[in-house]
Every structure is written in structure tokens, then in C-alpha cells.
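Order-wise, the sequence lines are chains A and B.
Each residue of the first sequence is one higher than the one before, counting from 6 in the numbering used here.
Each residue of the second sequence is one higher than the one before, counting from 34 in the numbering used here.
No lab work stands behind these hints: they were computed from the structure.
This one's a predicted model, so the numbers in the text were calculated from it and none came from an experiment.
Hints may be right or wrong, so weigh each one.
[Unchecked claim] Derived BS3-like pairs (lysine-lysine); straight-line CA-CA distance at most 30 Å:
id : chain 1 : residue 1 : chain 2 : residue 2
1  : B       : K103      : A       : K61
2  : A       : K65       : A       : K41
3  : A       : K41       : B       : K132
4  : A       : K103      : A       : K65
5  : A       : K43       : B       : K132
6  : B       : K90       : A       : K32
7  : A       : K43       : A       : K61
8  : A       : K43       : B       : K90
9  : A       : K56       : B       : K47
10 : A       : K56       : A       : K73
11 : B       : K47       : B       : K132
12 : A       : K56       : A       : K69
13 : B       : K90       : A       : K56
14 : B       : K47       : A       : K61
15 : B       : K42       : B       : K132
16 : A       : K22       : A       : K61
17 : A       : K69       : A       : K43
18 : B       : K104      : A       : K43
19 : A       : K65       : B       : K132
20 : A       : K69       : B       : K132
21 : B       : K103      : A       : K65
22 : A       : K73       : A       : K32
23 : B       : K47       : B       : K90
24 : B       : K132      : A       : K73
25 : A       : K103      : B       : K104
26 : A       : K22       : B       : K104
27 : B       : K90       : A       : K65
28 : A       : K32       : B       : K42
29 : A       : K103      : B       : K42
30 : A       : K61       : A       : K41
31 : A       : K73       : A       : K61
32 : A       : K43       : B       : K42
33 : A       : K69       : B       : K42
34 : A       : K56       : B       : K42
35 : A       : K22       : A       : K56
36 : B       : K90       : B       : K132
37 : B       : K42       : A       : K41
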Amino acid sequence: SQELEQSPQSLIVQEGKNLTINCTSSKTLYGLYWYKQKYGEGLIFLMMLQKGGEEKSHEKITAKLDEKKQQSSLHITASQPSHAGIYLCGADKTSYGKLTFGQGTILTVHP
Amino acid sequence: NAGVTQTPKFRVLKTGQSMTLLCAQDMNHEYMYWYRQDPGMGLRLIHYSVGEGTTAKGEVPDGYNVSRLKKQNFLLGLESAAPSQTSVYFCASSYVGEKLFFGSGTQLSVL
């Protein structure tokens, strides 16, 4: 079974809509990473969260880590077609930098 | 900046054949990783290395071998390819406890 659960597995939205992707672990995490993958390409780093309650934003994307460091959310405001792709959360459970990934969320944004 | 370079990008093998995937990074990272990505499974760690001359097993190591003879290179070998090894393979590298940088992937088909 996946140690990191992402929801939803896929998401289709109209351009301009807001959306949220969740990532949940049954264990406390040392670090939580969000990556984006375009079809057929490698993973692009978005954000890293390490402290409970931490929140980071970049352009229209905001990521949060809960106080217990077991759940994270990625929120996109006013989505655009350029946001389409696969979003993956990765967690460092050991502090040694070895990441475990969720199964990914496929985001489609219709113009 | 080359970053993380994987070769080849595509490969088709017959069952039982062997091959080696090469990963090279020019960022002087200590840690290097090999992941495989399958639909609905996210990324799963095959093997990783915390430094030159060291390797360790990840989540799904069976059927693969690795070597890290030079700090900048991490090789993934398949001694006798099986159809179950059809996947997209990603190499990544990092400093300890920091974000992973990914290559663009190798698409492998085993017939």
C-alpha cells in the first residue's frame, strides 16, 4: 500500500478555477516536497516544507504542511492551462533525503 | 547547466537481454537515486547511493544492480530484462536533506 496517499487521483477544472490537492501520511515527516511533471518529462521542484504549520507560496501556488507534519495541501489559485500536468508529493521520513512519493494527481485545465 | 543527464532516453529490449542506464550529474551532489514510474504507482525507489563507492537497496531492488564508481555517475543495470521491468526510469541527485534534481527519464520497453 502507498505510504503517501494523494487525493484526488485526477482533477479536471475550467481555467480560472481554484483547486486543492492533498497529500496524507500515517507517519510524521521530516520534509514534504511537491513536484510537477509534464507528460513525458522529468519532475520539476515546486516547494519544500519542513516545519509544522509552514506555508509557502510561489506565483499562484500555495503549499501548506499541518502542525503534526502528516498532511500537506497544494492550492492553485485561478488555474491556467500551463498548470496542467501531474503533481506528486514526496516525503522524507528518515532525514537522509530518501523520498517516498505519492501516486500523483493528474490535473487537466480546460481553456 | 546540464544538471542530471540520463542516457539513453528510449530503449526496447527483448526478454532476457541486459542493459545499463547511465546517470550523470554535474552538481557535486553526494546522493544519487534511481526510481521507476508506473501508472497509478507514483515513483518507487529502486536503489540509491549516499556517496562514491556506496549503494543501498530501495523499495523495489529485485532484478536491478547499481554501481557508483565515480561521484558524478550512477549506473543502473538490468542483467536479464523481464516484461515487468517495462517502465519509465528516473535518476535524481541531491545534497543531504535537500531537494532532488531529476533527469528527464528513460522509457524502457521489454518485449
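Do the alpha carbons of B/K90 and B/K132 lie within 30 Å of each other, as the hint requires?
Between B/K90 and B/K132 the Cα gap is close to 20 Å, so the pair holds against 30 Å.
Given hint B/K42 paired with A/K56 - CA-CA distance at most 30 Å:
Violated: A/K56 and B/K42 sit about 37 Å apart, past 30 Å.
Hint consistency between B/K90 and A/K32 [alpha-carbon to alpha-carbon, up to 30 Å]
Satisfied, since the Cα-Cα distance of roughly 21 Å is no more than 30 Å.
Holds or violated: B/K103 to A/K65, with C-alpha atoms at most 30 Å apart:
Violated: B/K103 and A/K65 sit about 40 Å apart, past 30 Å.
Within 30 Å, alpha carbon to alpha carbon, are A/K43 and A/K61?
22 Å, holds
Agreement of A/K73 and A/K32 with the hint, judged by alpha carbon distance not exceeding 30 Å:
Cα-Cα ~9 Å, so holds.
Holds or violated: A/K103 with B/K104, Cα cutoff 30 Å?
17 Å, holds
Would the pair B/K47 and B/K90 pass a check requiring their Cα atoms to be no farther apart than 30 Å?
25 Å, holds
CA of A/K56 to CA of B/K47, is that 30 Å or under?
48 Å, violated
Holds or violated: are the alpha carbons of A/K22 and A/K56 at most 30 Å from each other?
29 Å, holds
Take a quick look at whether A/K32 and B/K42 sit within 30 Å of each other, Cα to Cα.
Violated, at roughly 36 Å.
What's the verdict on B/K132 and A/K73, does the C-alpha distance respect the 30 Å limit or exceed it?
21 Å, holds
In this structure, the earlier hints numbered 1, 9, 11, 14, 21, 26, 27, 28, 33 and 34 are contradicted, and the remaining ones agree with it.
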